[in-house]
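Asker: Residue-level listing of the chains:
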Amino acid sequence: MTATSPPSPTSLPSPLPRPADELARLEAAWTPPTGWKLLTAVNNTYIGIFYIATAFVFFIAAGILALLMRIQLAVPENTFLDQGTYNQMFTMHGTVMMFLFAVPVVEAIGVLLLPNMLGARDLPFPRLSAYAFWAYLIGGVVFFGSLFFGNAPDGGWFMNPPLTSYRYSPGANADWWLLGIGFIEISAIAGAIEIIVGILRTRAPGMSLDKLPIYAWAMLVFAFMIVFAFPAVILATMLLELERAFHWPFFIAELGGDALLWQHLFWFFGHPEVYIIFLPAAGMVSLIVPTMAQTPLVAYRLIVLALAGTGLLSFGLWVHHMFATGIPPLSLSFFAAASMAVTIPSGIQFFAWIATMATGRVQLKTPALFVLGFLAVFLIGGLTGVMVAVVPFDWQAHDTYFIVAHLHYVLFGGMVFPLFAAFYYWTPFLSRQQLSERLGRWAFGLIFVGFNVAFFPMHITGLAGMPRRVYTYSAGLGWDSLNLVSTVGAFLIAAGVAVFLVDVARNFRLDVTNNAGNVWRAGTLEWLPTGNYSVRSIPLITSREPLWDQPGLAADVEAGRYYLPGTATGRRETLLTSALDAKPQYLLQLPGPGWTPFFAAAGTAAFFLLLTVKLVVPALIGGVVAIVMMLWWMWGSDPGPNHAPVDIGGGITVPVYVTGPASHSWWAMVTLLLVSGMLFGSLVFSYLYLWTVSPRVWPAGGAGIPAPVYPLLAAALLALSSAAIAYASRALRTTVGTGHRGHTMVRISLLAALPLLVAALGVELYGQWQAGLRPTASSYGAVVYMLSALQGQFVLVLLIMGGYTLARSWCGLLDGQRRATFDNTMLLWHYAVAQGLVALLLVHGFPRTFG
Amino acid sequence: MSAAATESASSPAWRLWVGPLIWAAHFLAIYAFTALSCARNVATVGWLGVGSVTLFIVAATLAAAAALLVTIGLAIRDGIRARTSPAPTAFVHWLTAAIGSLVLLAVVWETLPVLVLPVCG
Amino acid sequence: MKPHLLLAGVLAPLLLIGACSDLPLVLDPHGSNAQQTARIAWVLFGGGTIIFVLVAMLAAFAVFAPVAGRAWLRHPRFVVGAGIVFPIVALSALLVYTLAVSGELARSRVAAPLRIAVTGEMWWWRVRYLDARGETVLETANEVHIPVGQAVELSLDTADVLHSFWVPSLSGKLDMIPGRVNVLRLTADTPGTYRGQCAEFCGAQHAKMAFHVVASAGPDFDLWLAAQRMPAAAPRTPDPEQGMTLFIAHCATCHTVRGTPAVGRLGPDLTHVGSRLTLAAGTLPNNAGTFAGWIAGSQHIKPENRMPSFDHFSGEQLVALATWLESLR
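Protein chains in written order, with my numbering: chain H, 1 to 851; chain V, 1001 to 1121; chain B, 2001 to 2329.
Because the hints were derived from the structure by calculation, they are not lab data. As the structure is a computational prediction, the values presented were derived from the model and not from experiment. Cβ coordinates follow ideal geometry from the N, Cα and C atoms, glycine included. Don't take each hint at face value.
Short derived list, chain H residues pointing at chain B, Cβ under 7 Å [to be verified]:
| hint | residue |
| --- | --- |
| 1 | 19 |
| 2 | 358 |
| 3 | 391 |
| 4 | 395 |
Ranges of calculated distance between the beta carbons of each label pair, as one might list FRET restraints [claimed, not checked]:
| hint | chain 1 | residue 1 | chain 2 | residue 2 | range |
| --- | --- | --- | --- | --- | --- |
| 5 | B | 2076 | H | 514 | 34 to 42 Å |
| 6 | B | 2132 | H | 67 | 49 to 57 Å |
| 7 | H | 514 | V | 1069 | 51 to 59 Å |
| 8 | V | 1080 | B | 2054 | 35 to 43 Å |
| 9 | B | 2072 | H | 11 | 56 to 64 Å |
| 10 | H | 723 | B | 2181 | 48 to 56 Å |
| 11 | V | 1070 | H | 670 | 49 to 57 Å |
| 12 | B | 2076 | V | 1041 | 47 to 55 Å |
Derived, one-sided and incomplete: chain B residues facing chain H with beta-carbon distance under 7 Å [to be verified]:
| hint | residue |
| --- | --- |
| 13 | 2040 |
| 14 | 2063 |
| 15 | 2218 |
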């Protein structure tokens, strides 16, 4: 691999004149599908737009639910909605807002803007984003539809058992949440992997980490937070669904379970979740403020610290949602202290924005208005956040309308206001025309006033004694006029949103290639002239605000004077660069439009949604369709070194294919392993937690535990399986050139490794069954079998991946140079073996040592 | 070893994770120890009149603080040395030191309660 | 135009609050726990308001003040001072102060408190008075009477799902969690009737699961307790007597009235239901009319509650039942 340092800026990488057909070939490679074939689009611009539009529709839908709820609460003892309908509506309002609007919309904006902002042509895994979007759309629509069948979940958006377990929620309502939202979480994780690899590895040359646009820093922290937080709720979802469907008693106290286990798992996810929603918005504000003030962001380094610090510390706050559960005061105080610590990074950002505004001269256009609104509202939310971080105060405020006020101030203030600012700010990037300043001011005024009228009184309503999640209330408690005022405010917000929609209908004309241009005179790269291929040539960056500091950049990029001004292989491509310094490393060949992501998503949605209504066979068919589609799409990837190294300009030649720790697919796999590790870690936590609270159902000093021969045998089988894969890896290296024997050894090793993995699981299950343990008997049984169930999921995936790798080997598509497929399988294999070994140690070693 | 692998091994970027990991380990340790001690009613056992939980937490904090101070100090030193290197290296060292300082504050604040509150209420 | 709009948007709701005459319950404490919390609350609100006003002024200054005057705001040193140093100082002080209050609340212990067990049910409150050994001496429902000035220890648990016991005038809330008993210690400072409501979503009728805590002077409390411990007095006129007969025939499966053969435990103990402030956990006022209405149509008043509507009774039978139940004081 030859990566040399970029040439001096005085001589641009690609000389003029460019070859006559270069631009035409580039455009041809990036031709978008039209008509109904839009379902096959994978370009981040298209997927980003679909995603944002869908998320906004969910925002409106969940907002309408809120209006209906506010009508019901406008007067005491109202009969507009009955308790069943209201309880479904408040649950859906929260669930749809959090899972189908908030996280998707901020992720979608990243999908749309990041490649352009980083100087890349697309995200590194376009079909993965397409898959994630379609899964989210289909799943989200069906999930929302459950309302129209009276079957929507009604246990609150945090779904606390035992209310949501099989005894008190026997209907399918809770299953819709568990299975429906469960797989939408997969969408979020897919997006996160893409964003991490995209931000770290596909930047324009010269865009070293200290020059990364601040929004990209925010999205990087956001994506890592998803990786570490989402697995906890995925596990909780699995546990509750198993309890509901098969009566494995994780949360049933009589059998050694604990309702608080759910709360720990849920809130370990739930608290970072709200910062996952806030940080991208803060990132957007950090781009909008400097542009509106026409001056660089003050204290960039401190803001990066703030973003990373917020993301990190947010993982230490989760018990502040559980202050009223009777946990000992000392334990609670760790979380109170951490909750105060996390406000410091937020404060840093605030004052950096104020300093930036003071340095420049803020043009009070609509984006700036929404930013000022955000500052005011989020500040109040942050201050009430400090209040509820104080344990004794929270004991009064928890689960009341004070919290409803707080959460809306931080979420609506912290994300929705920046979102509207972003719509007004980035519309010129997407549309031929800007949105209207006049309508924008009206929208802002109505939303800002409406928001405060709706939610400020709720602080008082809560202090006056009104709990959350009540479908009605008695007259004469002092809550009547407060509720009426809140309802009026809600409709004002709706009016403001309606004005915005009118503005969009009248002025938004989607056209990225002929967009309105850099009307705000911003400094970041997404404002370069754009085609479907993103930028005509990939620029060399020397500043954080390249459009301000590098004169003539736009014209030079458009003329093709920078790197990769065309398509080297005739396909879609982007440049892979090093993580720290953004030095060019290799060319990534990207896929064009295709049907497989759409059908894979449809199959995945069918699997989860049909299981919810207990149509098992159709669900399995859907699952098979999904897997077949995914394998089909994978078959076209991993092209190997199918082209000579390419001259990207500036005297730099890069390969078109790379394997090993430098490759983007390795990085994606490692990120997936972090997710898997967190999933497993959450289960280990569950085991240790249940042991802490229910020692009575744990085997005492070794009684009832399978004989040591079982885990020893299972461990040996696992180790052998890993050894076989390691051997296959070595054998693969020898197949470069002619090594026929090498190929045979690879296939034999894979064929051997597969049954070893399955047998290890079988031995463990058999041992537990022989010892008389049953998953329904107690929480101990449930968690032991769950460890095997989780291992089983990995074994199943590895059976598919192993089989697929074998198929590629047999078809001559796998050798020592062309081995990305094998490497991904190998990484997951070793992880699964390690996971299996740790699980065996826990299950067989822990009770013998600490029982 | 490939050029990229060499780069990542010598790059300071992995050290960004050290401070966060120390904070996470400290937090997990004090919370788990407190929870277990209260759940199993062994919190009263002590030494020199100070309860076991208090002793453990103070010890954990001293260890974490020491580790963090080392991390911060090394990052500051390397950041000064990196003044002549390309910009991102110095930036990463600065960020390492800054994150380390932030979590050090968090560690100290998280320890204050043990000086004021009864352990198991 | 814009700064005025912003200010109006924020201040209008504040003025609205000024229009409200009574302080909300949390800020009008009548118990020692609530008292300490209210003090913290005022500190937090005061501090929060001051900080909000200061930061808002800084932001307004940054946007609107003449360029020359804002020079001091531009430097990263300002960000460090305002964004790091000030919050560390302020939050450290707040942390130490609030930890001290938490410590006080956690340490408050009295030798021989009055012991009451409250069990959350869907959607009412089972209340049992305990003796020193923890044995039940009296069971009632939806109302907790306590003596003023004496420490009370409430053992909270649940018969089904999560609930939360919250009486804002006296104390912060504490959840009721299956498999656990959470203990809430509180003391009422002044006599009065204090309303509480379930504060953890518990299903269909979570909204209508209220209760009252009645704090009375020591001797009054003793009188009340003694009266409650007596079994139901025998009816002296034919109407209530017919009511009692009907009750034993139709209601004894679920309800207890001590002094009669009715010993059901699925629903609330009704031995002295006539003396309670409300019916159906704060849903209805207590009189003969509402009794009759509840018996005949509870599913219309509190849909999905565990008691079916007894709509097969004739009007005369309902009157008899209601008269008898009213008499159980």
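Asker: State for each hint whether it applies.
Answerer: Status of each hint after checking the structure:
1. 19: violated, 48 Å
2. 358: Cβ of residue 358 of chain H sits 4 Å from chain B, so the hint holds.
3. 391: Holds, about 5 Å.
4. 395: Given a least distance of 2 Å, the restraint on residue 395 of chain H holds.
5. B:2076 - H:514: 34 to 42 Å: holds, 40 Å
6. B:2132 - H:67: 49 to 57 Å: holds, 55 Å
7. H:514 - V:1069: 51 to 59 Å: holds, 57 Å
8. V:1080 - B:2054: 35 to 43 Å: holds, 36 Å
9. B:2072 - H:11: 56 to 64 Å: violated, 44 Å
10. H:723 - B:2181: 48 to 56 Å: Cβ of residue 723 of chain H to Cβ of residue 2181 of chain B: about 53 Å, so the range 48 to 56 Å holds.
11. V:1070 - H:670: 49 to 57 Å: Because 27 Å falls outside the window, the suggested range is violated.
12. B:2076 - V:1041: 47 to 55 Å: holds, 52 Å
13. 2040: Since the shortest Cβ distance to chain H is 5 Å, the answer is holds.
14. 2063: holds, 5 Å
15. 2218: With a closest approach of 27 Å, the residue 2218 of chain B hint is violated.
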